[in-house]
Structure formats: structure tokens, C-alpha cells
Amino acid sequence: MRHTQALIALAAFATAGLLAVLAAIWAAGAVERHSAASVSESLTEAGNDWAEIDVDGLLVTLTGTAPSEAARFRALSLAGDVVDSARVIDRMDVAEGADVAPPRFSIELLRNDEDISLIGLIPMGYGRTEIIDRLTALGEEMAVADMLESANHPAPAGWDASVQFGLEALERVEAARVSISAGRVSVTALSDSPEAKRELEERLRRRAPQELELSLDISAPRPVITPFTLRFVIDEGGAHFDACSADTADARARIITAAREAGVTGEITCRLGLGVPSPNWARAAELSIEALARLGAGTVTLSDADIALVVPHDVSQDRFDTVAGELEGALPEVFSLDAVLRDPPEEPREADPEAQRFSAELSEDGAVVLRGRVTDEAMREAANSYAQARFGTGAVQMATRLDDTMPEGWPLRVLTGIEALAELHHGRLDVRPEAITLAGVSGNPDASDQVSRILTGSLGGEGDFTIDVTYDEELDPVAQQPTPESCVADINGILEDDMITFEPGSDELDGEAAETLDAIAEVLRGCGELSLEVAGHTDSQGRSEMNRALSRARAEAVISALMNRRVLVSQFEARGYGEQNPVASNDTPEGREANRRIEFNLLVEAETVDGVLQRDPELEATLEFSIRTPNDNTPRPRMRPADAETTQTSEEPEDDAGADG
14 MRHTQALIAL
24 AAFATAGLLA
34 VLAAIWAAGA
44 VERHSAASVS
54 ESLTEAGNDW
64 AEIDVDGLLV
74 TLTGTAPSEA
84 ARFRALSLAG
94 DVVDSARVID
104 RMDVAEGADV
114 APPRFSIELL
124 RNDEDISLIG
134 LIPMGYGRTE
144 IIDRLTALGE
154 EMAVADMLES
164 ANHPAPAGWD
174 ASVQFGLEAL
184 ERVEAARVSI
194 SAGRVSVTAL
204 SDSPEAKREL
214 EERLRRRAPQ
224 ELELSLDISA
234 PRPVITPFTL
244 RFVIDEGGAH
254 FDACSADTAD
264 ARARIITAAR
274 EAGVTGEITC
284 RLGLGVPSPN
294 WARAAELSIE
304 ALARLGAGTV
314 TLSDADIALV
324 VPHDVSQDRF
334 DTVAGELEGA
344 LPEVFSLDAV
354 LRDPPEEPRE
364 ADPEAQRFSA
374 ELSEDGAVVL
384 RGRVTDEAMR
394 EAANSYAQAR
404 FGTGAVQMAT
414 RLDDTMPEGW
424 PLRVLTGIEA
434 LAELHHGRLD
444 VRPEAITLAG
454 VSGNPDASDQ
464 VSRILTGSLG
474 GEGDFTIDVT
484 YDEELDPVAQ
494 QPTPESCVAD
504 INGILEDDMI
514 TFEPGSDELD
524 GEAAETLDAI
534 AEVLRGCGEL
544 SLEVAGHTDS
554 QGRSEMNRAL
564 SRARAEAVIS
574 ALMNRRVLVS
584 QFEARGYGEQ
594 NPVASNDTPE
604 GREANRRIEF
614 NLLVEAETVD
624 GVLQRDPELE
634 ATLEFSIRTP
644 NDNTPRPRMR
654 PADAETTQTS
664 EEPEDDAGAD
674 G
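Take the sequence shown: its letter number 10 is residue 23 in my numbering, and every next letter is one higher.
It cannot be assumed that every hint is accurate.
Stated by the list, open to error - Below 20 Å or equal to it, Euclidean Cα-Cα: the simulated SDA-like pairs (lysine to any residue) are:
| hint | residue 1 | residue 2 |
| --- | --- | --- |
| 1 | 210 | 233 |
| 2 | 210 | 194 |
| 3 | 210 | 22 |
| 4 | 210 | 317 |
| 5 | 210 | 172 |
| 6 | 210 | 574 |
| 7 | 210 | 282 |
| 8 | 210 | 173 |
| 9 | 210 | 187 |
| 10 | 210 | 541 |
| 11 | 210 | 602 |
| 12 | 210 | 188 |
| 13 | 210 | 236 |
| 14 | 210 | 456 |
| 15 | 210 | 285 |
| 16 | 210 | 490 |
| 17 | 210 | 240 |
| 18 | 210 | 195 |
| 19 | 210 | 192 |
| 20 | 210 | 274 |
| 21 | 210 | 248 |
| 22 | 210 | 180 |
| 23 | 210 | 153 |
| 24 | 210 | 126 |
| 25 | 210 | 496 |
| 26 | 210 | 234 |
| 27 | 210 | 488 |
| 28 | 210 | 228 |
| 29 | 210 | 199 |
| 30 | 210 | 494 |
| 31 | 210 | 235 |
| 32 | 210 | 594 |
Said to hold, decoys possible - Simulated restraints, written as ranges between beta carbons of each label pair:
| hint | residue 1 | residue 2 | range |
| --- | --- | --- | --- |
| 33 | 185 | 140 | 45 to 51 Å |
| 34 | 234 | 523 | 27 to 33 Å |
| 35 | 309 | 270 | 16 to 22 Å |
| 36 | 248 | 597 | 56 to 62 Å |
Keep in mind the hints are simulated off the structure, nothing from the lab.
In this text, a Cβ means the ideal position worked out from N, Cα and C, and glycines have one as well.
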């Protein structure tokens with residue numbers, strides 16, 4: 014009995030223990046399931062579907078591959094918010110990201126007179142202090158705001174050249190924005206006048222490195238045109254403008270269209286400017302040109318709001334009255350019309366042909382001869398003084414005569430003609446009571462407009478004057494500024510006449526070379542900084558290595574001589590080609606002398622195709638390869654273990670085979 018009770022008690026305890034174990038297992042599973050569900054729900058709601066969850070009791074292990082380090086940290090934080098962060102085990106991986114692109118280095122330079130701001134990203138250690146110092150040195154009161162940041166990454170190709178040119182561009186203007194990046198510079202600036210705009214654009218394009226992409230947006234304030242003038246002519250030579258002005262691009266297009274319909278061919282120049290008397294200027298010009306085209310001959314001049322229509326006597330009175338009346342009625346408000354039908358010319362008198370005439374001739378060397386009639390001594394002195402003021406004191410020669418019978422207004426016509434003549438490089442002025450004729454050549458593309466404004470402003474739109482001004486680009490100082498190509502051509506032209514000579518077998522310049530170098534230096538000083546190759550060449554006498562060394566030394570001697578003559582040579586490169594590029598046969602003394610020469614060439618960055626550097630025949634011509642046969646004393650690289658085993662394995666069968674043989 015007692016034994017039975019003991020068994021019952023033992024069974025009860027065993028059952029209780031089993032139940033406790035089962036309860037513990039169930040409770041642990043419930044905790045694990047709850048933790049897994051809660052963490053999984055939190056991660057899924059946050060979009061972290063990539064994370065995998067493994068729960069072992071109270072421990073929560075996160076696995077999976079996170080797309081980024083930030084995503085991994087975010088998943089870890091979310092799990093730590095659901096369960097105790099001490100229970101979260103991180104076994105997540107991070108996906109390998111793509112290669113990080115190098116930073117885009119750039120500088121934005123903003124200048125407004127004596128205030129400069131720098132914004133952008135530059136390579137660390139590039140030369141920030143040098144940039145600031147260079148800009149600060151532009152003026153005593155120059156204020157430079159440095160907002161540059163730096164990154165520890167090497168500078169890209171072309172960065173330094175772009176920065177140096179961008180700083181140089183900023184130095185030349187007082188109001189500008191210069192954007193600099195590797196291989197590209199963009200300049201947005203204001204200039205004082207259209208002439209200054211053209212000159213600045215030409216200078217910047219000439220100074221820009223050849224490999225640099227340059228973008229220019231130079232704007233100039235429109236000139237004030239006074240009087241605001243348009244003069245349209247139809248004569249024996251056809252229809253053409255003596256002067257054309259417009260206030261907007263749209264107005265200019267409308268005026269040009271009207272002129273084309275009236276018979277104008279070829280290029281039409283119409284200046285944009287300020288000072289238009291009415292917003293309806295284009296409409297008034299269209300109507301005036303159309304009216305003159307209907308009449309078939311004459312001139313129509315718009316000077317501010319005054320319009321003068323002058324037609325020759327052979328136009329019928331009825332037609333003239335009809336066209337003039339219709340034009341007057343159609344003109345916009347503000348504009349007034351003065352229409353003149355000229356009388357038939359009087360029969361020529363047999364008097365002195367020089368009577369009632371004044372002429373002035375401006376020669377190409379700047380000398381002016383004044384001839385003809387003036388009213389009195391005061392007018393002679395006034396004409397002489399005014400001419401000296403416009404052409405120079407020593408350039409004026411007076412050959413005038415006094416005649417008090419000259420018509421009223423003669424002094425004004427003479428002085429106005431002299432003022433108009435001063436706009437030309439050379440030409441001739443002829444003043445008569447009935448008409449003024451001015452013909453000549455100018456280096457200013459707007460000279461005809463300027464002459465027309467001068468004559469119209471003084472004589473009125475109904476004045477009878479003929480203008481025949483030709484533009485010559487060779488006289489235009491802006492158009493004729495030297496280019497790198499023209500500079501090199503001028504230098505090599507000098508060398509064709511007088512070669513740079515040296516002492517025999519030496520790199521020392523002889524006495525006859527000084528005059529040639531002086532001429533070359535004069536050309537280079539007018540060209541600014543150029544990237545030039547100074548190439549030395551020799552004849553075939555002597556060893557090739559010696560010839561190359563000598564030719565290079567001579568090229569360096571030329572650069573030194575030019576530097577002593579105040580030539581900017583920082584971008585010059587001396588190269589010696591020796592005997593590789595002869596221009597004549599080395600079999601004769603004359604040919605050898607021609608081959609001993611110095612040449613100047615523009616340095617151009619080697620072009621690439623699909624990233625492959627192109628071959629340079631001149632450089633290849635200087636290369637020499639020597640072939641040597643190794644012997645027992647020739648050093649050899651030590652054999653690697655893998656090679657030694659292979660050699661030993663391959664040699665053993667040969668030995669066996671030999672033994673067998």
C-alpha cells in the first residue's frame with residue numbers, strides 16, 4: 014500500500030513536470046511568434062521587405078542584404094523599437110554600391126566692379142589662396158567673398174587651364190559672371206559699347222587655349238542714336254540705304270522686309286539703338302520706303318520725327334502729289350512729312366567751274382587738302398581750326414580763296430562736310446550750293462550711317478547729298494587683330510627671308526640673327542601669349558643623337574633670346590628634330606644650309622578617336638630602337654617557383670628519352 018502511494022506521488026510529480034515543460038515550450042514559442050510577427054509587421058510597413066527575421070527565444074536575429082547602409086541602420090532601429098534593442102542581433106549585409114562618381118569641380122565667379130564672389134567646389138590643395146590673392150590684386154579696394162568648398166579628389170584633366178583662363182577673363186571686365194569647369198569656360202559680361210564688345214570677344218577667343226570649350230555672351234548697351242536716322246535712296250545704282258536705324262529686332266526685320274520689296278539686294282545693315290522718337294518708327298519707315306518705291310526715284314529721310322521725301326524733277330507732279338498725300342495721311346501721329354519735288358536743273362553757266370565750290374581731299378596717309386571758296390577770313394580760320402582738330406595740326410593744308418558772294422548757309426555746309434569727312438579713312442568731299450557729295454573708304458562698318466546722321470542733323474532731311482562710303486575690313490582695327498595662325502604665318506614669312514643662324518656646330522646665335530629675332534619679337538609682342546613649338550632642325554652631318562641634342566639646344570637659345578626681348582614665352586616649347594625632317598637634299602651645301610633652320614608652329618592638343626591617342630609622325634621620327642642579343646653575362650629575371658616546376662617536369666622525359674636512345 015505504501016509502495017502504491019509512492020508511485021502515485023511520483024507520477025503526479027512527473028506529470029506536473031511534463032506539463033511545466035510543455036507550458037514553457039508553448040510560452041517560449043508564443044513569445045517568439047509574437048516577437049517575429051511584431052518585428053516583421055514593423056519592417057514591412059516601412060518598406061524593408063528584404064529583411065529576414067529569425068527568433069530564438071528572446072533573441073531576434075536580422076539577416077538579409079540591405080540596399081544601402083542607411084537601409085540597414087533603419088531596419089535595425091525599427092526592430093529595436095519593437096523589442097528591446099539588446100535582444101536584436103545584426104547579421105545583415107549591405108549590397109555593393111556602384112562606383113562613386115568623382116565630384117564635379119566648378120567655380121562661379123561673379124564680379125561687380127570692386128566686389129567679387131566665388132562659389133563652387135575645387136580640389137583640395139589646388140591653390141585656393143593663390144586664386145584669392147590674384148583676384149584681390151585687381152584693385153586696392155577689391156572685396157573678395159570666398160564661398161568655395163573643397164573635396165579630396167584629384168583635379169580632372171583641363172581643370173588648371175580652365176581656371177587660369179577664367180581668372181584672366183574676369184580681369185578684363187568689371188561686370189561679369191564666369192563659370193569654370195574642366196575643359197569649359199562660360200563668360201557672361203557687360204561691355205561699354207558695341208566696339209568694346211567686339212574687341213573683348215576677339216581677344217578672349219584669341220587667348221583661349223585650343224582644347225578649351227569657350228562660351229561667350231557679351232552684351233553691350235545699345236548706342237544712343239541722335240538724331241535717330243533712316244535714309245533710303247533709289248537712284249541709277251538701284252535701291253539702297255545710306256543709313257538705317259531701328260529700336261528693336263522686330264522693327265529692324267520689318268524695315269528690311271520693306272526694303273527688299275522696294276528692290277534692295279545684298280546684305281542690309283540696320284543698327285539697333287536708343288532714342289527712337291515713337292514706338293511706331295517701324296511703321297513710319299515701312300510707309301516711307303513704300304512711297305519712294307512707288308515714285309521710282311529719290312530719297313526719303315527720317316530724322317527723329319521729321320520725314321523728308323525728295324524726288325527728282327522727272328517724276329510727274331500728279332503722281333508726286335498723290336503718293337505724298339497718301340503717305341502724309343497714313344503716317345502715325347508725331348511724324349511730319351516735308352515732300353519736295355525738285356525743279357529742273359538750270360542751264361550750266363560758262364563761269365569759272367571752281368566758283369561756289371569747296372572740296373577737301375583726305376589721303377591714305379592722313380593728310381588733308383582744303384580747296385575752294387570761303388566767305389571771309391573768319392570762315393577760313395574756322396575751317397582750318399576745325400580740320401586741325403579732327404585730322405591733326407600738321408596734317409591740314411589750306412588752299413582756299415575768299416568770296417563774299419557765296420550763298421547763305423555756306424559756312425554750315427562746309428563745316429558739316431569736314432565733320433563727315435573725318436569719319437573716313439580716306440576720301441573726298443565736294444560741297445556745292447545745290448548738293449554735297451562724299452565718297453571714300455572707312456574701317457568702320459557703320460561709317461555710312463554715321464555720315465548720314467551728321468549731314469541730316471545739320472542740313473535737314475531735305476538736303477541734297479550723295480554718300481558713297483565703302484567698308485574695308487583691312488582698315489578695321491578690331492577685325493585685323495592678329496590671330497594665332499596669322500602670327501605664326503608672319504613669323505615664318507620673316508624666316509623665309511632671313512633665317513636664324515648660329516655659330517658652326519654650336520647653339521650660340523651669330524651676329525646676323527639679332528635683326529631677324531628683333532623682327533620676330535615685334536610680331537610676337539603684338540600677339541600676346543601663344544602656345545608655340547619652337548622646332549630646331551639640322552642637316553645630316555654628324556650622329557643622329559648629337560643632331561637632335563644640338564637642334565633642341567638651338568631652339569632653347571631662340572626662346573631665351575625672345576624672352577630677353579620682352580616676349581611672353583611661358584607657353585613656348587623647344588623641340589629638337591635633328592635631321593629627321595629635311596626640306597632640301599643634304600647632298601649639296603645649299604640643301605644642308607636650308608635644312609639647318611628654326612621653325613615656329615602652333616601647339617595643338619593631340620586629337621583622340623574613341624579615347625585612343627593618335628600617332629605623331631614627327632615624334633616617332635625621333636625614336637630609335639637598338640636590338641641586342643643576350644649572352645651568358647646578360648642579367649635575367651629569377652625564375653618563379655611555378656615556372657621552375659614546369660621546367661623540371663618537362664625536362665625529365667627528355668632525359669629518359671635520351672637514356673633510352
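**Prompt:** Checked against the structure, which of the hints given earlier come out wrong?
**Reply:** 2, 3, 4, 5, 6, 8, 11, 17, 18, 20, 21, 23, 32, 33 and 34
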